[in-house]
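S.K.: Read off the chains here:
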Amino acid sequence: MMGAACALYASRAGLDVVVVDRGPVAGGTTGAGEGNLLVSDKEPGPELELALLSARLWTDLAGELGGRIEYEPKGGLVVAAEPEGLAALEVFAAGQRAAGVTASGVAADQLDELEPYLAPGLAGGVFYPQDTQVMPTLAAAHLVRASGARLATGRTVTEVLRGADGAVRGVRTDRGEIHAPAVVNAAGTWGGELAALAGAHLPVLPRRGFVLVTEPLPRRVRHKVYAADYVADVASDSAALQTSPVVEGTAAGPVLIGASRERVGFDRSFSLPVLRALAAGATRLFPFLAEVRAMRSYLGFRPYLPDHLPAIGPDPRVPGLFHACGHEGAGIGLATGTGQLIAQVLSGADPALDLTPFRPERFAEEAA
Amino acid sequence: MNPLELARARPGPAFTVTFDGREMAALPGQTVAAALWAAGVMSWRSTRGEGRPRGVFCGIGVCFDCLVTVNDRPNQRACLVPLRPGDAIRTQESTGHDD
Numbered sequence: 051m052m053g054a055a056c057a058l059y060a061s062r063a064g065l066d067v068v069v070v071d072r073g074p075v076a077g078g079t080t081g082a083g084e085g086n087l088l089v090s091d092k093e094p095g096p097e098l099e100l101a102l103l104s105a106r107l108w109t110d111l112a113g114e115l116g117g118r119i120e121y122e123p124k125g126g127l128v129v130a131a132e133p134e135g136l137a138a139l140e141v142f143a144a145g146q147r148a149a150g151v152t153a154s155g156v157a158a159d160q161l162d163e164l165e166p167y168l169a170p171g172l173a174g175g176v177f178y179p180q181d182t183q184v185m186p187t188l189a190a191a192h193l194v195r196a197s198g199a200r201l202a203t204g205r206t207v208t209e210v211l212r213g214a215d216g217a218v219r220g221v222r223t224d225r226g227e228i229h230a231p232a233v234v235n236a237a238g239t240w241g242g243e244l245a246a247l248a249g250a251h252l253p254v255l256p257r258r259g260f261v262l263v264t265e266p267l268p269r270r271v272r273h274k275v276y277a278a279d280y281v282a283d284v285a286s287d288s289a290a291l292q293t294s295p296v297v298e299g300t301a302a303g304p305v306l307i308g309a310s311r312e313r314v315g316f317d318r319s320f321s322l323p324v325l326r327a328l329a330a331g332a333t334r335l336f337p338f339l340a341e342v343r344a345m346r347s348y349l350g351f352r353p354y355l356p357d358h359l360p361a362i363g364p365d366p367r368v369p370g371l372f373h374a375c376g377h378e379g380a381g382i383g384l385a386t387g388t389g390q391l392i393a394q395v396l397s398g399a400d401p402a403l404d405l406t407p408f409r410p411e412r413f414a415e416e417a418a
Numbered sequence: 074m075n076p077l078e079l080a081r082a083r084p085g086p087a088f089t090v091t092f093d094g095r096e097m098a099a100l101p102g103q104t105v106a107a108a109l110w111a112a113g114v115m116s117w118r119s120t121r122g123e124g125r126p127r128g129v130f131c132g133i134g135v136c137f138d139c140l141v142t143v144n145d146r147p148n149q150r151a152c153l154v155p156l157r158p159g160d161a162i163r164t165q166e167s168t169g170h171d172d
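Protein chains in written order, with this note's numbering: chain A, 51 to 418; chain B, 74 to 172.
Read the hints as simulated data drawn from the structure, not as lab findings.
Keep in mind the model is a prediction, meaning the values are calculated, not measured.
Among the clues, some could well be false.
Said to hold, decoys possible - Examples of chain B residues toward chain A, derived with CB under 7 Å:
1) 119
2) 121
3) 137
4) 144
5) 170
Cβ coordinates follow ideal geometry from the N, Cα and C atoms, glycine included.
All chains, full assembly: derive it from the sequences and hints.
M.R.: Here you go:
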């Protein structure tokens, strides 16, 4: 997704772009997510600013591509089971409002109007109309197509080529060299490996997550609905398994159930305890799901940097190398803003946001 | 080879199930999909978007194309569910759920 968005905005800035992917389009983390474009889970700060910029750009793209990428501005509803949790959620939302997020409090007796199948007895919630969903695989494919960039799939970068002065002059792949004065590292969870090929340290780590998929249903879950403790899990530094229920319907019918987070390397093995925890959390929010069949599950690896911010912009250690990776679980949502910022710095323009918090050289070597 | 012929199998005696209320024979161990094929039925679901007909595609439980309602429970994979005497198979429209 990130590569597709960088290609789109770079092409529109007049640059000649080749997209290189060792797999197929959306074969990595892009195809393993839910396609959320969220502002609701972000605290005020640089990531939220990037999310708001990205949301505006997604809205523009929806005018061109909306139906084909299943763009659905359905809104997010965060709920709290207890009054203490609700009070904390309302404080969080007040801070977001001051930073430009639209958020409205939902009293306990109003939850039913937004989500008629929600469990009774919840303390209340906050509704975020800017939260949106796309089908991530379709989004990546249509952005690459709309960019007009040349697409080289099934081609692995094996070396970043550098001139005598140290500047990047292209990449070597398993099927020949591609020469270019600038290389953008949009390798997601594998962005650390690509940076290492250029001799730059970037500690991107995988954070595994499962999604449970139900049988197709009529629209019973109308928004993205999640419990307030999800925000704490997203920001956590723990390596241990964390699950917090995130439930949403899709345009195609199945309900997607997340979200789990654990740091277990690139272990792709199925985990019944994780899926059991996801199912239990989802049925606490939506009791009718207990009678619904789960069809399948999938998993992926969020590209995670130690301070939970992505790496975006030029790498001063390697002239010509740019990074656009490490967006953790928010890469689909943050792709458009990142793509535009990358296009701006590639073409010598001033970036729309201050890139200082995202600078790729901010991690000390010994922290790895 | 004709998939409708038994490949040297010696199953027990046939029993009766119903498909949309009509009686139909099935053999012990046969899946819903196998019994429907043997009865000449190739399609038993209509898609959610455009109401197109669907039956067996992969036949091994992976693709979820052959979904069918059995004993009032929708979205079961016809290629995996074994039949028992008296089972009621129904054509599944859309998601198989009301509303």
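S.K.: Does each hint fit the structure? Answer for all of them.
M.R.: Okay, the hints, checked on the actual structure:
1. Hint on residue 119(B) is violated. Least Cβ distance to chain A is approximately 12 Å, over the 7 Å limit.
2. Because the smallest distance between the Cβ of residue 121(B) and any Cβ of chain A comes to about 6 Å, under 7 Å, the interface hint for this residue holds.
3. Checking residue 137(B) against chain A: minimum C-beta separation of about 6 Å stays under 7 Å; hint holds.
4. Here the hint on residue 144(B) is broken, as its CB sits about 14 Å from the closest CB of chain A, past 7 Å.
5. Using the Cβ-Cβ criterion of 7 Å, the hint placing residue 170(B) at the interface with chain A is satisfied: the shortest such distance is roughly 6 Å.
In terms of the numbered hints stated before, the structure departs from hints 1, 4, listed from lowest to highest.
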